[in-house]
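Asks: Chain by chain, the residues:
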Amino acid sequence: MTDAKIRIQQVGKTFVSDRREVEALRSVSLDVRPNEFITFVGASGCGKSTLLRIIAGLETLSRGEILLDGKTIDGPGVDRAMVFQHYSLYPWLNVMKNIKFCRQLKVISDTVRGDGDVETASGRADALLSLMGLGQFADAYPSQLSGGMQQRVAIARALMPKPATLLMDEPFGALDAQTREVMHDLIRHVHKLEKTTILFVTHDVEEAIYLGNRVVLMAPRPGRIDSIYEVPLPAQRDQDMKLAPEFTALKREILGRIRETSGMQTDLDQLAKLTAIAG
Amino acid sequence: MTAQLSIASTATAATSIESEAPAVYQRRARWWTIRGELPRTTVWMLAGAGLVSPFILWWAYTALGLADPLFMPGPGAVLERLGRWWTSEGLLTDIGISVWRVMTGFGASALLALPLGLYIGTYRPVQAFLEPLTDFIRYMPAVAFIPLVMLWVGIDEGSKVLIIFIGTFFQMVLMVAEDVRRVPMTQIEAAQTMGASRSEIVKLVILPSARPAILDTLRITCGWAWTYLVVAELVAANSGLGYAILKAQRYMHTDKIFAGILLIGLIGLLTDQAFRWLSRRAFPWRQQA
Chain G
1 MTDAKIRIQQ
11 VGKTFVSDRR
21 EVEALRSVSL
31 DVRPNEFITF
41 VGASGCGKST
51 LLRIIAGLET
61 LSRGEILLDG
71 KTIDGPGVDR
81 AMVFQHYSLY
91 PWLNVMKNIK
101 FCRQLKVISD
111 TVRGDGDVET
121 ASGRADALLS
131 LMGLGQFADA
141 YPSQLSGGMQ
151 QRVAIARALM
161 PKPATLLMDE
171 PFGALDAQTR
181 EVMHDLIRHV
191 HKLEKTTILF
201 VTHDVEEAIY
211 LGNRVVLMAP
221 RPGRIDSIYE
231 VPLPAQRDQD
241 MKLAPEFTAL
251 KREILGRIRE
261 TSGMQTDLDQ
271 LAKLTAIAG
Chain F
1 MTAQLSIAST
11 ATAATSIESE
21 APAVYQRRAR
31 WWTIRGELPR
41 TTVWMLAGAG
51 LVSPFILWWA
61 YTALGLADPL
71 FMPGPGAVLE
81 RLGRWWTSEG
91 LLTDIGISVW
101 RVMTGFGASA
111 LLALPLGLYI
121 GTYRPVQAFL
131 EPLTDFIRYM
141 PAVAFIPLVM
151 LWVGIDEGSK
161 VLIIFIGTFF
171 QMVLMVAEDV
181 RRVPMTQIEA
191 AQTMGASRSE
201 IVKLVILPSA
211 RPAILDTLRI
221 TCGWAWTYLV
231 VAELVAANSG
241 LGYAILKAQR
251 YMHTDKIFAG
261 ILLIGLIGLL
271 TDQAFRWLSR
281 RAFPWRQQA
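Taken in order, these protein sequences are the chains called G and F.
Residue numbers for the first sequence follow the working numbering, beginning at 1 and rising by one.
Residue numbers for the second sequence follow the working numbering, beginning at 1 and rising by one.
The hints are simulated quantities; they were obtained by calculation from the structure and are not laboratory data.
From a predicted model like this one, the values you see are computed outputs, not experimental measurements.
Quick reminder that beta carbons are idealized off the backbone N, C-alpha and C, glycines included.
Worth double-checking, as some hints may not be accurate.
Calculated lysine-lysine pairs in the DSS-like style (CA-CA distance at most 27 Å, straight line) [unchecked claim]: (1) G/Lys251 to G/Lys192; (2) G/Lys71 to G/Lys5; (3) G/Lys242 to G/Lys192; (4) G/Lys162 to G/Lys97; (5) F/Lys203 to G/Lys97; (6) G/Lys242 to G/Lys195; (7) G/Lys162 to F/Lys247; (8) F/Lys203 to G/Lys106; (9) G/Lys97 to G/Lys251.
Covered stretches of chain F, as calculated for chain G (at least 3 residues, CB under 8 Å) [what the hints assert, rightly or not]: (10) 176 to 190; (11) 197 to 204.
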């Protein structure tokens, strides 16, 4: 009981759309260990983002319960930071002020006792800024930054209040392949450095394996956990591991399983017809 | 670290390449590209030409003697009348009283519409309660309220201000509410996951995020305030630019009607430019996208 950082118990979510009930999640259960890096993959509609948003407290659940450090989650909180898929930065604040945004909030400033804490906080903002390689861009506005740099600011901002848990909802989905690789190593580094527990939703299986200690595969209609894979890679990862046989084998296995659970497949007969027409 | 920095440098390199695209290609594509860009000087020249050309047509039409000067005076006559209005017919007083009425009516309207719009756009119960009502009143023509306003308030200053208020307030509330609703949900949710309270989200996220759009709404509704001012002054006043235009009609001073209309247009244009300038000054982060 005590060894789980997050305990997801029989969670169900039903919402009404067009007067029809849609079951987004059905009895999802999962124990997340402290400092674990869990990645979620699955065909669209499997509810992986919904699950993450419920853990963040941004959405309510219909059935079951989620415990964080043994306490039921009821709404968003500083202990769980979230990085969003689309740019959530505040365009009217420069990079530094975006990162320091949480310092204006009462929940945070209440914990600040004296000048020493304020200094530590400024130091942390500076440290995060250089960790993200944004040292020269402290005064830049988000609109002046590339997509990858904007997401690095968003990660720094999320890390600023020292959250024990980091929730990431397809944070690198809009980035190009090279930028993503840099971001992957960066986020692994943060995971090690800050001892953060990370839950990471993605549609990219390679990303999921490279980042995760465990890959949770979810299936749609209704959204549920289909299978969980332990990633057979050492804690210290590097890009060459993506070519290792155990990596590619796991990738093939997961991709195959997603294809089976998605309920979608390429209609080869139809394709043949199209080819005939084109010819 | 070096890898991260190199991303930054390639990003800037990419933009500089775009701006240094082959000159020949640019020149050909420039004018009629869909949503294309133009050099600043060309934009100013086109704007100037657009503003001046109707005046040249007008001047040519009257100079050639094609129009009866009683019904259509030339630019020279209008300018001359403007000078006389300035020196002996109290032009400044007329402008002053009209500007004061617009500012009071528009200001009162903004003062009430901003918080109300903010609440409608932020909290669903307020929206459900007030929005249909506002929509209903919005469709009642403000001009139709003039007889009622005159019965209730009389024809002193209050009635003009009230008509401007009725004409702008209900539109403004709905537009501000829409501006507030357009604040991206992720900006709000990001603050929630950092532990922000409701009032903190309104103060630190929704308001600053919606501010440029709200200023734009004020700019647009300020134009409408001028329209309702003239309507109010035409019907129920004994001073101001609108009243001067009405009086000029009685005495067949067509040149003064022209002068008055042009003057109101000019004041509107200046106000509009002032709002745009303010927007550029207050929101420097908005341009650099």
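Asks: Does G/Lys106 sit within 27 Å of F/Lys203, going by the straight-line distance between their CA atoms?
Replies: Judged against 27 Å, a Cα distance of about 13 Å means the pair holds.
Asks: Is the straight-line distance between the alpha-carbon of F/Lys203 and that of G/Lys97 27 Å or less?
Replies: Within the cut-off at roughly 16 Å; holds.
Asks: Would you check the hint for G/Lys242 and G/Lys192, treating anything up to 27 Å between C-alpha atoms as holding?
Replies: Holds, because 20 Å separates the two Cα atoms, which is no more than 27 Å.
Asks: So if I understand the rule, the pair passes when the alpha-carbon distance is 27 Å or less; does G/Lys97 with G/Lys251 pass?
Replies: violated (40 Å)
Asks: Per the coverage rule (Cβ-Cβ under 8 Å, at least three residues), is the segment 176 to 190 of chain F covered by chain G?
Replies: holds (count 5)
Asks: Would the pair G/Lys162 and G/Lys97 pass a check requiring their Cα atoms to be no farther apart than 27 Å?
Replies: With a Cα-Cα distance of about 17 Å, the restraint between G/Lys162 and G/Lys97 holds, given a limit of 27 Å.
Asks: Hint check: G/Lys251 vs G/Lys192, CA-CA at most 27 Å. Holds or violated?
Replies: holds (24 Å)
Asks: G/Lys71 and G/Lys5 were given as a pair; does the straight-line alpha-carbon distance stay at or below 27 Å?
Replies: holds (10 Å)
Asks: Decide if the proposed pair is consistent with the structure: G/Lys162 and F/Lys247, CA atoms, cutoff 27 Å inclusive.
Replies: violated (72 Å)
Asks: Taking 8 Å as the Cβ threshold, is the statement that the segment 197 to 204 of chain F is covered by chain G upheld or broken by the three-residue rule?
Replies: holds (count 3)
Asks: Check the hint pairing G/Lys242 with G/Lys195 against an upper bound of 27 Å on the C-alpha distance.
Replies: Holds - the C-alpha atoms of G/Lys195 and G/Lys242 are around 24 Å apart, at most 27 Å.
Of the hints listed earlier, those the structure fails to meet are numbers 7, 9, in rising order.
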